[in-house]
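Novice: Start from the sequences and build out the full structure, keeping to the hints where you can.
Line order of the protein sequences matches chains U and R.
Under the working numbering, the first residue of the first sequence is numbered -19, with each subsequent residue one higher.
Under the working numbering, the first residue of the second sequence is numbered -5, with each subsequent residue one higher.
The reader is advised that the hints may include incorrect statements.
[Stated by the list, open to error] Below, in silico cross-link-like pairs of lysine-lysine (DSBU-like), each with a Cα-Cα straight-line distance of 35 Å or less:
#  : chain 1 : residue 1 : chain 2 : residue 2
1  : U       : 322       : U       : 309
2  : U       : 116       : U       : 1
3  : U       : 26        : U       : 39
4  : R       : 160       : R       : 104
5  : R       : 335       : U       : 282
6  : R       : 227       : U       : 85
7  : R       : 183       : U       : 1
8  : U       : 39        : R       : 335
9  : U       : -2        : U       : 177
10 : U       : 1         : U       : 240
11 : U       : 39        : R       : 196
12 : R       : 112       : U       : 39
13 : U       : 26        : R       : 335
14 : R       : 196       : R       : 112
15 : R       : 196       : R       : 104
16 : U       : 85        : R       : 335
17 : U       : 0         : R       : 335
18 : R       : 227       : U       : 39
19 : U       : 388       : U       : 116
20 : U       : 309       : U       : 162
21 : R       : 215       : U       : 105
[Unchecked claim] One-sided excerpt, in silico: chain R residues whose CB lies under 10 Å from chain U:
#  : residue
22 : 45
23 : 57
24 : 58
25 : 335
26 : 338
27 : 339
28 : 340
29 : 345
30 : 363
31 : 367
32 : 383
33 : 385
34 : 386
[Stated by the list, open to error] Away from chain R, derived, C-beta distances all over 10 Å, residues of chain U:
#  : residue
35 : 6
36 : 299
37 : 344
Don't read these hints as lab results, they were simulated from the structure.
Where a beta carbon is used, it is the ideal one built from N, C-alpha and C, also for glycine.
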Amino acid sequence: MAEYTRPQSEEEFQRNFKQKKPLMNSTEAFVESSRCLFCYDAPCIKACPTHIDIPLFIKQIHTGNVDGAAATIYDQNWMGNACGKVCPTQVLCEGACVLNHAHVKPIEIGRLQNYATRQVIEADKPLYRKGEPNGKKVAVIGAGPAGIACACELSVLGYAVTIFEAHEKPSGLTVYGTAPYKITNEEALSEVAYLQKQLDFDIQYQSPIISEAQIRDLEARYDAIFLGVGIGPTSSLGIPGEDLNQVIGAVEFIQDLRFKKHHLQIPQSVVVLGGGNTAMDAASESARMGAEKVYLVYRRSKDAMGAYWFEYDLALSAGVQGVFNASPKEILEKDGKVTGVKFIKTVLENGRLSEIPGSEFFIECDMVIKATGQAKMGDFLKQIKGLTLDTSQRIVVDPIRYQTTNPKYFAGGDAVNGGAEVVNGAYEGKQAALGIHLYLTGDFRPENPKPKL
Amino acid sequence: MADLSVNFAGIKAPNPFWLASAPPTNSGYQIMKAFDAGWGGAVWKTLGVPIINVSSRYGGLNYRDTRMSGFNNIELISDRSLSDNLREIEEVKKYFPHHAVIASLMVETKKEWEQIIKDVENAGADGIELNFGCPHGMCERGMGSAVGQEPAVLETIVGWVMQAAKIPVITKLTPNISNIEDPGLAAVKGGTDAISLINTIKSIIGIDLDTFAPYPVVDGKGTNGGYCGPAVKPIAMNMVRQLAQNPEIARTPISGIGGIEAWRDVVEFILLGATSVQVCTAVMHYGFGIVREMDSGLRRFMDERGYNTIYDFAGKALPNVLEWKDLNLSYKVVASINADKCIGCQLCYIACEDGAHQAISVSSDPANRIPSIIEENCVGCNLCSLVCPVEACITMEVQPPEAAPVTWEQLSEANAIPDSFNDPRAGGNGHYVPEPRLALRK
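Specialist: Next comes the structure, spelled out in C-alpha cells:
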C-alpha cells in the first residue's frame, strides 16, 4: 500500500513533501546552539567544503548576534541558505561533530545555518556591497550555485559580471533538480534575489550559450569567462522502448515536479532505474506523489549504490521497494504505452558484473524513470579552443584557481566535478572568482576581506 | 532508615528542608501547600510595616540554555497587613503543629521589636528570624542590610530581641560585608540562638541594550537588586564555613542559605556545619515539588553511609578546610586522558594552551584528534578535566610523592622560602614556559 495519497492541492503537495529540515523557531535555535562545544580546530569546519567557521556562527546565534552569524556563513559560502537545507550534512559537518563519538546527537548545524541566513534574507538585510568598479568585465555561463558564487565574489572585488542562464530562473539544480522536501523554489530563489540586490550583478535569463559564434562574441567582450554549465540531460540507456512517452529522465522528472507540483500526473506503478542519490530522490518523489507501487531497481548490490544510506532510508520510508542485481533489458509497451520492464539478474564475479543467462524477469509498471547518469556538456565545450576535458568529459582545471587550460576560461561546479553537491559548486565558483582576480590583476588573496556594510 | 528530623536551636521540624523568607512564603496558602509537599519548615515572608512594591521585580541570569542560574530581585518585605499574616500563621500551626513556622521580622525601634515579637509568639510561631540582610530598598530606610553591615547596631538590636523573645531567635546575615565573622560574632554577643546566611548579594543582573536601563526595569529605570540562586552557592558555603570554624561562633546553630536546589547541595551545606537549610530560588523556578528529590537523595546518602541523623555528619568537612599555608606542597597530580572515551573536541588542548600551562599537545596527524598530556609540563591544575565534556574522560592521577609532605608554613618556619625578589631562591619553581616568540608560529 502506498504511504502517501495523491496530492490534490498545493497544501496536500506541501504536506507530502514536508521539509526535511524545517526552519527552526528561536527557542529551538537557542537550545540547539547551546549544545555546541566550540571545539578547538573544529572537525565540522574541516568537513565543510567551504570551511565555514561553524562554532563561531553557532555561538553568534546563541548570543543573539544572528546577523553576525549570517555574515560568518556568507563570508565563506554564497549559497549559505541553500546549503543549510540541501547539504548532506550527515556526511559533512554534522557527521564530523565530535558529539557523535559520545553517542550524543550531533548539533543540527544545517538547520542552524539556515536559521541565521533566513533571517537576513527575509529581513532583506544586506551584508555586503559591490566593490569599487575596476573596469573589468566577466561573463559567467550558468546561474547555478557555482555561477552565482563566482558572480558574488567577483562583484565584491569590483568586477562587472553578467551571467548567461539558459533557464527562466537562477539557482540551477537547487531549483530545477533538488527533491522538493529539501528546499522550496521560493526559498532557493529568494537567496539569489537577496544576493543580487546587494551585489548588483546581471543575470540574462533564457540566454543559452550554445554556438561557437556566441563563444567568440563573449571572448571579444569579456576579460574572463567562467563556465558553470553543469551537466546535461539524462543519458541514454540504449535499450528498446526507451523512446516511449512514459520513459523519462530523473532530472527532467524532478524539474517537472518542482514546477507542476500536484498537477503532475503520476501513474499507479513506477520503476526507477539507478542507485545514486538522484534515483533515491525520484523514487521518493514518485511515492510521495501517490504512486501505489514504486520499484527502485539497481543493477548492482545494495551496498554498491552510490546513494547515501540516509537517502535510501528516506525512499524506503516513503514506501519504495528496492530491487537489486537486476539490469534492464527492454521497456515493454502495449498500444504505445509502457506496460513494464524486462530485467535480467546480475552477479558480481571477480570484480565484473555479469548477467545470469535465463534469469530474465518482468516488473509491471506504467512509467519508467531513468536515473542512470547525465550526459556531459562535451559537445558544447569542444567548441572552446584549448579547453581540455578528461576521459569523463569533465573540464580539467587547476585545483586552486579553477583555471582551465585556456587561461581566459575558468570553471567550477558539476562541469568540473562531474556532479556533486551545491556546496561543492559554491566553493568552486568562489575559488574560480579568486583565480580570475589573480589572472586579471596578479592579486590572489583568498583571505581578502570583503567590503561589508 | 535515616531520621531527618532536626532540633534547630530548639525549633523542631520533621526535616532540615526549610523555605527561606521570600515570595514562596508570602501566605499561609503557599506554606500549607509546601508542608503538604514535604517541606519541614518555613520562614515567613518578612513581617514589618507593610510596604508598597514596584511592578517588575525579578531578573534572571541565564547561562547558555540554563535559565536562572542566577536570580535577583528588588521586591521588599511583606506587603500584606500584619493581622492577615498573624491569622494565617495561627491557621498553619493548627494544621501542621509539628512543622517549623518561623516569623521573619524587620522593624525599626525597640518598641516595635517588642510588640511584633509578642504578636508572632501569640500567633504560635516556633521561632523568629531577624532580617538583617535585605540589600535593596529596606536598607535605604536603615533596616535590613543596613543593620547587618554595622556589627554594633546588629548586636544592640539582637540584645533587644533576646530580652523580649520567649521563642528561639535566628539572626539572618547579609553577605554584603568584607568579613562575615564580624556580624556573626556580633550576633553571638547579642545572644542570638542561631544564625542563618546568606541573604542576597547586591547586584545588577543585566542591562537592557535598547533603553540602557538595568533589569528589572521599572518605567525605564532600575536599582540594584539582591542576587541569589545556584551561582551564589560557593560564596554562601564559604561564609557558612567561616562561621562554623570560628571557635566563638561554632556552637551556634547555622541555617545554610544560598543556591540550594538538590540533595547534594544540602549535604554539602551540612558537611560545612549547617543543620538546617533554606531554599527560595529553586522553588521560585520549579515549585515546591523539588523537595521530593532533595528528600530522596539525602536519605539515600545517609542510608548508604549509615548515618541515622544529619548530626552524624554535620560539620564533617570542616577539619579538611584549611588555610592555604597548611596545604601539602609535595602532593602532585597529573592529568590523564582516557583515549577510549575522548571524543576529540580538543577543548582540553586549547584551555591548557591558552589558559594554563601549555602541557597538552595535539597530533600533527589530522586523523588523530586525541590530545596527549605532556606530563613534565603538567602542574596538576585540573583545568583540562574541568572543560572536558565527557564524563570521567580526563582524570587527575595522584603521583607517587617525591618528597615528604611539607607546607608553606613549615617552609617559612624553616626559613626555606624566598622572602625578597633578590633572594636567589626567588626564581619560581621552574615549570615549563615557552619562549614568547613561539606564539607567532601557531
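Novice: All hints are to be evaluated individually against the structure, with a verdict given for each.
Specialist: To see whether the hints hold, each was checked on the structure:
At most 35 Å may separate the alpha-carbon atoms for a hinted pair to count; residue 322 of chain U and residue 309 of chain U meet this at roughly 6 Å. Straight-line distance between C-alpha atoms of residue 116 of chain U and residue 1 of chain U comes to about 40 Å, which puts the hinted pair past the 35 Å bound. Our distance criterion of 35 Å between C-alpha atoms is met by residue 26 of chain U and residue 39 of chain U, whose separation comes to about 18 Å. This hinted pair checks out: residue 160 of chain R and residue 104 of chain R have alpha carbons roughly 16 Å apart, not beyond 35 Å.
Distance hint between residue 335 of chain R and residue 282 of chain U is fulfilled; the C-alpha atoms sit about 33 Å from each other, no more than 35 Å. As the CA atoms of residue 227 of chain R and residue 85 of chain U are separated by approximately 32 Å, the hinted pair is consistent with the 35 Å bound. Pair hint residue 183 of chain R plus residue 1 of chain U does not hold up; C-alpha atoms about 68 Å apart against a cutoff of 35 Å. As the CA atoms of residue 39 of chain U and residue 335 of chain R are separated by approximately 25 Å, the hinted pair is consistent with the 35 Å bound.
With a C-alpha separation of about 29 Å, the suggested pairing of residue -2 of chain U with residue 177 of chain U holds against the 35 Å cut-off. Between residue 1 of chain U and residue 240 of chain U the CA atoms are separated by roughly 22 Å; this keeps the pair inside 35 Å, and the hint holds. Of the supplied pair hints, the one linking residue 39 of chain U and residue 196 of chain R holds, its CA atoms being roughly 30 Å apart against a limit of 35 Å. A C-alpha spacing of about 58 Å is found between residue 112 of chain R and residue 39 of chain U, which places the hinted pair above 35 Å, so the restraint is violated.
In summary, the hint linking residue 26 of chain U to residue 335 of chain R is supported, as the alpha carbons are separated by about 22 Å, within the 35 Å threshold. Between residue 196 of chain R and residue 112 of chain R the CA atoms are separated by roughly 32 Å; this keeps the pair inside 35 Å, and the hint holds. For the proposed pair residue 196 of chain R and residue 104 of chain R, the alpha carbon gap of about 27 Å is at most 35 Å, so the pair holds. Proximity of residue 85 of chain U to residue 335 of chain R is assessed by CA-CA distance (about 16 Å); at most 35 Å being required, the pair is judged to hold.
As the CA atoms of residue 0 of chain U and residue 335 of chain R are separated by approximately 32 Å, the hinted pair is consistent with the 35 Å bound. At roughly 27 Å between alpha-carbon atoms, residue 227 of chain R and residue 39 of chain U fall within 35 Å of each other, so this suggested pair holds. For a cut-off of 35 Å, the pair hint linking residue 388 of chain U to residue 116 of chain U stands: about 13 Å separates their Cα positions. For a cut-off of 35 Å, the pair hint linking residue 309 of chain U to residue 162 of chain U stands: about 33 Å separates their Cα positions.
Under the criterion of a C-alpha separation no larger than 35 Å, the hint pairing residue 215 of chain R with residue 105 of chain U is consistent with the structure, at around 32 Å. Annotation: interface hint on residue 45 of chain R violated; nearest CB of chain U at approximately 36 Å, more than 10 Å. Because the beta carbon of residue 57 of chain R sits about 9 Å from the nearest beta carbon in chain U, less than 10 Å, this interface hint is met. Checking residue 58 of chain R against chain U: minimum C-beta separation of about 4 Å stays under 10 Å; hint holds.
Taking 10 Å as the C-beta cut-off, the interface hint given for residue 335 of chain R holds, the closest approach to chain U being about 8 Å. About 5 Å separates the beta-carbon of residue 338 of chain R from the nearest beta-carbon of chain U, less than 10 Å, and the hint is met. The beta carbon of residue 339 of chain R comes within 4 Å of a beta carbon in chain U, closer than 10 Å, and the hint placing it at the interface holds. At its closest, the beta carbon of residue 340 of chain R sits 4 Å from a beta carbon of chain U; the interface hint therefore holds under the 10 Å criterion.
Checking residue 345 of chain R against chain U by beta carbon gives a least distance of about 9 Å; that is within 10 Å, so the hint holds. With a least beta-carbon distance of about 7 Å to chain U, the hint placing residue 363 of chain R at the interface is held under the 10 Å criterion. A cut of 10 Å between beta carbons decides the hint on residue 367 of chain R: the least distance to chain U is about 15 Å, and the hint is violated. Interface hint status for residue 383 of chain R: upheld, as the beta-carbon distance to the closest one in chain U is roughly 5 Å, under 10 Å.
Restraint check, residue 385 of chain R versus chain U: the minimum CB separation of about 9 Å is within 10 Å; hint holds. For residue 386 of chain R, the shortest C-beta to C-beta distance to chain U is roughly 12 Å, which exceeds 10 Å, and the interface hint is violated. Once the 10 Å rule is applied to beta carbons, residue 6 of chain U is consistent with being away from chain R; the minimum gap is 12 Å. For residue 299 of chain U, the condition that its CB be more than 10 Å from all CB atoms of chain R holds, with the nearest at approximately 37 Å.
With 10 Å as the threshold on Cβ separation, the claim that residue 344 of chain U sits away from chain R holds: the shortest Cβ distance comes to roughly 50 Å.
Consistency with the previously given hints fails for numbers 2, 7, 12, 22, 31 and 34, ordered from lowest to highest.
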